[in-house]
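If you read the protein sequences in the order shown, they are chains A and B.
Under UniProt numbering, the first residue of the first sequence is numbered 1, with each subsequent residue one higher.
Under UniProt numbering, the first residue of the second sequence is numbered 1, with each subsequent residue one higher.
Worth flagging that the hints you see were computed from the coordinates, not collected in a lab.
These numbers were taken from a predicted model, which means no experiment stands behind them.
Built from N, CA and C at the ideal position, the CB exists for glycine as well.
Incorrect hints may appear among the rest.
As the list claims (entries may be wrong) - A short list of chain B residues far from chain A (calculated; beta carbon distances all over 12 Å):
(1) ASP15
(2) TYR49
(3) VAL57
(4) LEU94
(5) GLU144
(6) TYR187
(7) HIS228
Said to hold, decoys possible - In the BS3-like style, the derived pairs of lysine-lysine whose C-alpha atoms are separated by at most 27 Å in a straight line are:
(8) LYS112(B) - LYS242(A)
(9) LYS181(B) - LYS112(B)
(10) LYS46(A) - LYS112(B)
(11) LYS31(B) - LYS105(B)
(12) LYS221(B) - LYS105(B)
(13) LYS242(A) - LYS31(B)
(14) LYS172(B) - LYS105(B)
(15) LYS112(B) - LYS75(A)
(16) LYS46(A) - LYS75(A)
(17) LYS221(B) - LYS172(B)
(18) LYS54(B) - LYS112(B)
(19) LYS85(B) - LYS221(B)
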Amino acid sequence: MATSLSTLLRDRDWLLADGATGTILFNMGLQSGDAPELWNETEPDKVRALYRGSVEAGSDLFLTNTFGGNAARLKLHDAGHRAGELSRMGAEIAREIADAAGRPVVVAGSMGPTGEIMAPMGPLTHEAAVEIFHQQAEGLKAGGADVLWVETISAPEELKAAGEAARLADMPWCVTMSFDTAGRTMMGTTSADLSRLVVRLPHPPLAYGANCGVGAADLIRTVMGFTGSLPVIAKGNAGIPKYHDGHIHYDGTPELMARYATLARDAGATIIGGCCGTTPEHLRAMRAALESTPRGPIPDLADVTEALGGFSSDSDGTDGRGPTRERRSRRRARE
Amino acid sequence: MSDEEDDIVLSELNDDELVQQMFDDLYDGLKEEIEEGVTILLERGWEPYDILTKALVGGMTIVGHDFRDGILFVPEVLLAANAMKGGMAILKPLLAETGAPRVGKMVIGTVKGDIHDIGKNLVSMMMEGAGFEVVDLGINNAVESYLEAIEREDADILGMSALLTTTMPYMKVVIDAMVEKGIRDNYTVLVGGAPLNEEFGRAIGADAYCRDAAVAVETAKQFMARKHNQLAAG
Numbered sequence: 001m002a003t004s005l006s007t008l009l010r011d012r013d014w015l016l017a018d019g020a021t022g023t024i025l026f027n028m029g030l031q032s033g034d035a036p037e038l039w040n041e042t043e044p045d046k047v048r049a050l051y052r053g054s055v056e057a058g059s060d061l062f063l064t065n066t067f068g069g070n071a072a073r074l075k076l077h078d079a080g081h082r083a084g085e086l087s088r089m090g091a092e093i094a095r096e097i098a099d100a101a102g103r104p105v106v107v108a109g110s111m112g113p114t115g116e117i118m119a120p121m122g123p124l125t126h127e128a129a130v131e132i133f134h135q136q137a138e139g140l141k142a143g144g145a146d147v148l149w150v151e152t153i154s155a156p157e158e159l160k161a162a163g164e165a166a167r168l169a170d171m172p173w174c175v176t177m178s179f180d181t182a183g184r185t186m187m188g189t190t191s192a193d194l195s196r197l198v199v200r201l202p203h204p205p206l207a208y209g210a211n212c213g214v215g216a217a218d219l220i221r222t223v224m225g226f227t228g229s230l231p232v233i234a235k236g237n238a239g240i241p242k243y244h245d246g247h248i249h250y251d252g253t254p255e256l257m258a259r260y261a262t263l264a265r266d267a268g269a270t271i272i273g274g275c276c277g278t279t280p281e282h283l284r285a286m287r288a289a290l291e292s293t294p295r296g297p298i299p300d301l302a303d304v305t306e307a308l309g310g311f312s313s314d315s316d317g318t319d320g321r322g323p324t325r326e327r328r329s330r331r332r333a334r335e
Numbered sequence: 001m002s003d004e005e006d007d008i009v010l011s012e013l014n015d016d017e018l019v020q021q022m023f024d025d026l027y028d029g030l031k032e033e034i035e036e037g038v039t040i041l042l043e044r045g046w047e048p049y050d051i052l053t054k055a056l057v058g059g060m061t062i063v064g065h066d067f068r069d070g071i072l073f074v075p076e077v078l079l080a081a082n083a084m085k086g087g088m089a090i091l092k093p094l095l096a097e098t099g100a101p102r103v104g105k106m107v108i109g110t111v112k113g114d115i116h117d118i119g120k121n122l123v124s125m126m127m128e129g130a131g132f133e134v135v136d137l138g139i140n141n142a143v144e145s146y147l148e149a150i151e152r153e154d155a156d157i158l159g160m161s162a163l164l165t166t167t168m169p170y171m172k173v174v175i176d177a178m179v180e181k182g183i184r185d186n187y188t189v190l191v192g193g194a195p196l197n198e199e200f201g202r203a204i205g206a207d208a209y210c211r212d213a214a215v216a217v218e219t220a221k222q223f224m225a226r227k228h229n230q231l232a233a234g
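Chain A extracted, bound-state conformation (with noise of 0.2 Å):
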């Protein structure tokens, strides 16, 4: 039975998403260096364990363990071929756990990088990233989800062979990127970039936003960026990782991440979750906070350091407080 997210768009003023994928697995005893995927195949209890986990702390949507289900990343496991498939199983296994929840749960299928440059700086053509996604998104069709979420992406060009996938694929979608180096994705692109560009697209998002990047504070800035009117999407990290007795654990607290999720909503973000370091124990606190919180004012930047910690760089680059060169005289741009 499938959720429509554009129809809870409608009627909620806000959605939890869900936390962590790849954390949880690992403490579920995923090896370093194996490829997520192949658990959709061969432990799919522990895959459904995983959904169930975000269903039961109360996330409206959930994503499917497909993020590296695409032929460029599963190559490097000697799967390539199998991206159509694996991605089939992770879909068809959420939509099992979605059906039994008793509400209405979202199952967005995910897809993350190709891992690649893309033409001309680096070996990926547009025709080539677009069939990559193409063929992640019928899979994910085929097994059900209800919507294509793309993640964690750097490149504009990326982005937009992954919307075209989508509309190929004839799937509703939404975005997130990975605001990581000064503010910006590692390719340069701002949170007014990116609104910009999503809505230019002949096949727009039914929403966007940030996911991953680096700490709470920095995404809920990332937040605030963007304009425009499409609704707005947080996945923000719990915290920072930290190095314990050969163990790395993130050290956002389920309170801390109460706090983003409220200021994320008060920021404008109306689909609001957690991304690496996130457990259900951060999302019942997450979902508690939004339920039981009232919605405040827009908060400024002050408002966001004193709550969640400092940014990890002065300025986002859409303040036009960025770094600059001087330049000499240049010579003209080449025909």
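Could you slot chain B onto chain A? The hints should help.
Chain B alone, transformed into the frame defined by chain A:
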């Protein structure tokens, strides 16, 4: 403004102006112009090593600083590195012939379990841009692969990269193995990757954590300078 007014003829510039223009052309990623500039300086009798350090490395240092400071981002750096590569292709055989001093040699790779290599590739390019020799071991390297390569290549620096919080701890496994073999102090160990930080670098016994490719280059230069001073003193 007519086209003529803005047209720059590299061969008409004096040496200082030409080097300045090459800095600009590197910044703008203009490969053909860089190749032309290198050729002109060679014709004027410049030593290949001077062209490398004064014109190319000098220009890439500006690119590196602006990358570090959030003025330039990955696409611009890739273009600049590509232009640099054009100049290096001309200089490389000449540098070998003239017995130019070696800036330093780095062995680099992502650690076992980690297949994310964009960051590592950037560091490789920026290190080459700074005149270092780089031996790239690619992705998913086990301890043995690193140890064998640093010995075989007589490397100065070992660079390890990890993007996943689950693969970061493997860096310590490699450093511990170096300590056990008694070779740890023969090399400078630099680590990097999105989820790392200085605290982590210290905790695992690396010489330094490098926040990005530009910092990696600066740090590598500092350690090489220290090494040269020690050799000179010893």
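Okay, the hints, checked on the actual structure:
no. : hint                  : in the structure
1   : ASP15                 : 17 Å, holds
2   : TYR49                 : 26 Å, holds
3   : VAL57                 : 18 Å, holds
4   : LEU94                 : 27 Å, holds
5   : GLU144                : 16 Å, holds
6   : TYR187                : 22 Å, holds
7   : HIS228                : 31 Å, holds
8   : LYS112(B) - LYS242(A) : 20 Å, holds
9   : LYS181(B) - LYS112(B) : 20 Å, holds
10  : LYS46(A) - LYS112(B)  : 24 Å, holds
11  : LYS31(B) - LYS105(B)  : 25 Å, holds
12  : LYS221(B) - LYS105(B) : 11 Å, holds
13  : LYS242(A) - LYS31(B)  : 42 Å, violated
14  : LYS172(B) - LYS105(B) : 22 Å, holds
15  : LYS112(B) - LYS75(A)  : 17 Å, holds
16  : LYS46(A) - LYS75(A)   : 23 Å, holds
17  : LYS221(B) - LYS172(B) : 23 Å, holds
18  : LYS54(B) - LYS112(B)  : 38 Å, violated
19  : LYS85(B) - LYS221(B)  : 19 Å, holds
Comparing the model with each numbered hint stated earlier shows that hints 13 and 18 do not hold.
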